[in-house]
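Number of protein chains: 2
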Amino acid sequence: MHLRSSPPPRADALAKATGAERYVLDFAPAECLSAGAYRPGAALNIAHGRVLGVDASAALAVPGVLRVLTAADVPGTNLQGIVHKDQPVLCGEVIRHAGDPVALVLAESAESLRRGLAALRADIEPLPGVFDPEAALKKDAPLVHPQHKGGNLLLGARIEKGDARAALKNAPVVVRGEFSTPMQEHAFLETQCGFARLLPDGVLDMTVSTQAPFRDRFEIGHALALNPFKIRIRAPYLGGGFGGKDGATVQCLLALAALNAAGRPVRMSWEREESILAGYKRHAVHLRYTLGAERDGTLLALSCRLTYDTGAYAHLGCEVMELGMEHAAGPYRVPHTHIEGRCVYTNNPIAGAFRGFGVAQVSPAFEGLMDALAAKLCLDPLELRRKNALLPGDENCSGVTLTSSVHLAECLDELAAHPLWTTRQAWRAAAPRFTRRGVGLAAVFNGMGYGRGLADMAIAKLELTEAGEFLVYNSVADMGQGNAAAFALLAAQELNQSLAENPGAVRLLQPDTERCHPSGSSSAGRTTYTFGNALLKACAAMREKLLARAAMALFVDETQALELAPGAVLHPASGRSLPLTALARFLKRDDRVCVGEFLMPVAQDPPDTGRAFQIGFPHLFFSYGAHLARIEVDELTGRVRVCDFLAATDGGRVLDRSCFDQQAQGGAAQGIGYALLEEFKTRGGLIQTADLSTCLIPTALDLPDIQSLAVDGHEPTGPRGLKGVGEVGLNGPAPALASALEDATGERLRDFPLTPERVLAALNKRRPPSRRRA
Amino acid sequence: MHLRSSPPPRADALAKATGAERYVLDFAPAECLSAGAYRPGAALNIAHGRVLGVDASAALAVPGVLRVLTAADVPGTNLQGIVHKDQPVLCGEVIRHAGDPVALVLAESAESLRRGLAALRADIEPLPGVFDPEAALKKDAPLVHPQHKGGNLLLGARIEKGDARAALKNAPVVVRGEFSTPMQEHAFLETQCGFARLLPDGVLDMTVSTQAPFRDRFEIGHALALNPFKIRIRAPYLGGGFGGKDGATVQCLLALAALNAAGRPVRMSWEREESILAGYKRHAVHLRYTLGAERDGTLLALSCRLTYDTGAYAHLGCEVMELGMEHAAGPYRVPHTHIEGRCVYTNNPIAGAFRGFGVAQVSPAFEGLMDALAAKLCLDPLELRRKNALLPGDENCSGVTLTSSVHLAECLDELAAHPLWTTRQAWRAAAPRFTRRGVGLAAVFNGMGYGRGLADMAIAKLELTEAGEFLVYNSVADMGQGNAAAFALLAAQELNQSLAENPGAVRLLQPDTERCHPSGSSSAGRTTYTFGNALLKACAAMREKLLARAAMALFVDETQALELAPGAVLHPASGRSLPLTALARFLKRDDRVCVGEFLMPVAQDPPDTGRAFQIGFPHLFFSYGAHLARIEVDELTGRVRVCDFLAATDGGRVLDRSCFDQQAQGGAAQGIGYALLEEFKTRGGLIQTADLSTCLIPTALDLPDIQSLAVDGHEPTGPRGLKGVGEVGLNGPAPALASALEDATGERLRDFPLTPERVLAALNKRRPPSRRRA
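The listed protein sequences derive, respectively, from chains V and C.
According to the working numbering, the first sequence is numbered sequentially starting from 134.
According to the working numbering, the second sequence is numbered sequentially starting from 134.
Just chain V, with the same shape it has in the complex (with noise of 0.2 Å):
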């Protein structure tokens, strides 16, 4: 097989830059009623109340509108939630958060949809309300979930590995702190949207924007009392996900929208205000923090407790808790750890999956005491983190004995080489007036996968078309991360295909739960590691199925004789060839296709430890990073300005740079921009950043040029050697631009953002530049 030297450009970027892909609701017919949540809690400034009544005389007199319906309507058991289900489709008794739907308005207009929404009226009477989780725990809260049995505790977990406590009684450094981290909103360029129709066969077909269309079918089915198999579900490229669409969005509301649609397509689209309202944020998270080393600097213990806000609802804020107690001591070799977890119903916000899934919370934590110890024990911060950082065969902080590959020393040896961190002095003295200039930096690490008692599975199909090209057929969500098009390059290469010379040599087919096959959500740094390690199963079958099949057409014995060639098998040694358009007209359908699987593989050795965990614990396979920021801070304004932002990641091989590079910076911006200035504010539950014109997130004008380094490792268990690379890049900015900030002012902030208020407020304390680092 010839592997071509570069890979060509981007399979969806020609479609994307001009504007021809199509998204959802592009692919909605003209003829769709509108439909969508009616969500009092906000207008009525109640975050937490009982429902006594829905007036919905006058939305029905609004002409257009079809249909009112409320709780009393939906036909099954009317709770959504991935894991736990718990959030009702349309609140029928109570309402928990500003967000929650009381009805869903049918019309056949957004017009008259917009003006039935106006024309509800509920009858809600205020509950005394819970918005901090320390408050929630208390005794006597008001419960959110009064059924629970944990009261407002969702699910309180613990890691242990070794003695933490004897450890760092005994340890010659100890060094504390407590952080918080805020809420972050997706602010996905396509806000939740899709459109469905029950068909005459009683299908209910569904196009929507998600990151988990085979699983959606399950959380639809159960909420509506459907069967799984009778809803089909595609999805088409997303714009934009980042977790936000893992799980109901849109589903549930427009599955019931259409049962009551008389067969005609309904479609729902949130505004931008709805979509902050109603959509999972990042959780926000407590923590406190004892790290206990040597003089050497050799890490000993790590003592934490980190209290998760997972808001009105589950939604995913175990499995988020999980992994940030998992990457809780960072990618060092830690050997006593104890690390506490607590998860928290309040009336907040619902929280859920975001790109860095809980690890993103834990990062400026432990990053924070490394540079702590650091300044403790007078050490060069690179240093210590190398000096600690994983290697291949350590144990992870959780027990976990590290089988996969790991590059983390190789990620801080670039930063260490690199003219950012060598000249860092000179450029630091050079300031301009009223302006500190500071360097920091970061090492951090993300896991990959569902993490063990979930199969994290992906079964790929591929087919030879009758037309002799080959369509994969994708069938986890592409979110704009590229997996997709990392999908055909596989093929591609695999196939021995040019889709430089014919870019149809390889085409894609987008999720379709009807034609596709069940591969997980996108998710977890998994999709192009676990479909692409079944594509490769699924192409492998393939080339050796269509050299035998060369070989029967062109009477040759011995298929190692054959070489799959850019659009036909050759026979060089007669130079004698079989276009594939020929072969293929040879094939039956089902000698057409290859279906190749892939399980990812779990630790051997799972600690016995965080017995609390239902699924995903622990994790096997991590990428790694290590980020450096050179700030400067405004000393009138206490404005921050990044100048410059280096990312070195460790993602395994790397199957196309530029890809590579787009998550890798992609991950930076988003975290910088949840590290200094995405401040999402509530009080007392109720949004206060309720648009984007308070709901700020950077734009290309508040980045640097962000820098990616690959440090071209080998996963040998991935496809290519590669490894997930879309979140580890979020948890870096966080700590090194604190880190930063610290070099620049003296002071550590441990409340994030890092917003202009709070370092001026940190500047007002006049302490005169720290100048630690020689």
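Please note that a few of the clues may not be correct.
Because identical chains share one entry, a pair is satisfied inside a single copy or across any pair of copies.
[As the list claims (entries may be wrong)] Below are the BS3-like pairs computed for lysine-lysine, each with C-alpha atoms no more than 30 Å apart in a straight line:
#, residue 1, residue 2
1, Lys721, Lys363
2, Lys218, Lys721
3, Lys272, Lys282
4, Lys721, Lys814
5, Lys302, Lys509
Read the hints as simulated data drawn from the structure, not as lab findings.
Using the hints, position chain C against chain V.
For chain C alone, kept in the frame of chain V given last:
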């Protein structure tokens, strides 16, 4: 995987024993038209003649006769033939043997067809013919195919190894002999038949008693200018085939009839007399042999010339001769060989494939000379064979190194130790009055598969049906040899299903070019080996798939923790299980299908000889056997009674002992008929044994209770270690019985069959019986 200890009854046994099984004509719709060929040669006593005209007027006047078609109505090349296409579907200019058809009649019923055929008249001018290969090769002999550039020599070929001429010149002992073997009629229970219909979408839908449904499409397509992919052929169980249904019999005629039937279904079924007149025969062969050896019996050299009478058309004549030549030296180490072959056109009936495919003809010659050598050297004939028997790693007479399994020596050892051999002297001495007794033996072998140049491949499809049962898409016809049952058994074992407890756990679909994948013909002892291997691959993929899918459904991390059990996937650790019925419902159709393929390995050191062969030379895999016969000869009538017959067979590992024995016994039975009584007679190309009252085959009363011994070897490339055993059994009886006859009478008969007339003539030479054997 648990292998069941005792195989269940053969899957098709009950249906066949009770008459419930359905054969081709059992599927024919009642409203079928009848089609039949007009073959005037026999009635006109013309085997070679010029067709001057066909008068259809009287026939067309017969009520119910719809069409009379002649060569002018054939739309394509009008030529059929598997490799050489030289046989017209309907003869327009010349008939080359007495069974050649010149017209095709289409009628409403069998009766109107019969009357229509009787009313047809042909004007045929006799041409001088050739009825003996030696005469046919003479200069100025009438040419059967004047356009063939070799004249009547269809193919002359040579296999050479070492220097046979020099070796024979120097050999201390040389024996010589000339032999002749006769034509043989397949005489299957079910004569050639089928039915067909041209569907409105242009697909020609055929059901035919055929050994090669996939290849038939191309043969029909070529002859009639049809797209082979628009021909669908189904091949239910055959009521016998033996090679006689490998290649076109009714196919092209039936297709032509269907094309002219205005969409109505048409059937064609040959009467027994038509089957004898027009069907393919075993090649009559003349053999001239010279064998040289050391004084200790070590073989040194063979020189021989084989002349195959292929009759009026090539059919598989070249390939049949090729196989005979490859086996010409017997299963022995012979350092020097010179093997000449001539395949000759005559105006005799068409010769073609027949169980033993060219090899049955050479075994009486090489084994005759082995006996002659033993007698000359006063050696025990069994010891002489044992001494020279091929062993693994030896070079065979074509120069191919035997890297495949070889257990001939073990077969001979079985015979040597058997009471039928050890007590032979006493038994012979106890002959009743007017009766002579003799004991003979033979060592034989038979190549498996197509040999080089044809890509001997099978593609097996296996489906887990929606109902949770396994369905094997058998794509090699079962003509009674039991391959279909073997496939069910193989699949059941590999999938750990119990056919004994649930016969429906693995079901079989018989060949259908629309639903199954091409897997070659049912011939060459290849079906169970090749398709079995492909099926095992499909089963292994299916097992892996089902365990993986069950892992996903059961939330199990590793497929090794699961087991495929009868009707379910088990998780022994937790005691949970997932019934296949439930699992099947989870899976899409594409994911319930596995396709496995197998390409038979070929010799890696093909010798630089046999260059005249287009395809099929050399072979790498052989089955071996040693046969022992005890006979009584009636001195008054010359009648030979076979008292005991013992067949020790090396067919690799035995999968199902009763199927294995049935093949050994059936082969021996057919071989005994061939050896003793099946004298297929022609005179001037006209068949003298035109029906079953003169064309005799043995009945159960003519046969002993044939004992089968299995040398349970192991062929590493075989499915579960097996090799094909369909053919080797036919090659032993002729030499073993001639050997026994010589033992009884002192006379070696070299012309077969060993009819009472020939035996009596030998006895009349009044030589006392030989007592060579101590």
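Hint check:
1. In this assembly of identical chains, the alpha carbons of lysine 721 and lysine 363 lie at most 30 Å apart whether taken from the same copy (28 Å) or from different copies (12 Å).
2. Only between protomers do lysine 218 and lysine 721 lie at most 30 Å apart by alpha-carbon distance; the minimum there is 27 Å, versus 44 Å within a single protomer.
3. Taking the closest pair of Cα atoms, lysine 272 and lysine 282 come within 30 Å of each other only inside a single copy of the chain (14 Å); across copies the shortest separation is 106 Å, beyond that limit.
4. Taking the shortest Cα distances, lysine 721 and lysine 814 never come within 30 Å of each other, neither inside one copy (59 Å) nor across copies (46 Å).
5. Taking CA atoms no more than 30 Å apart as the test, lysine 302 paired with lysine 509 passes inside one copy only; the shortest distance there is 18 Å, against 102 Å between copies.
Going through the hint list in order, the structure does not satisfy hint 4, though it satisfies all others.
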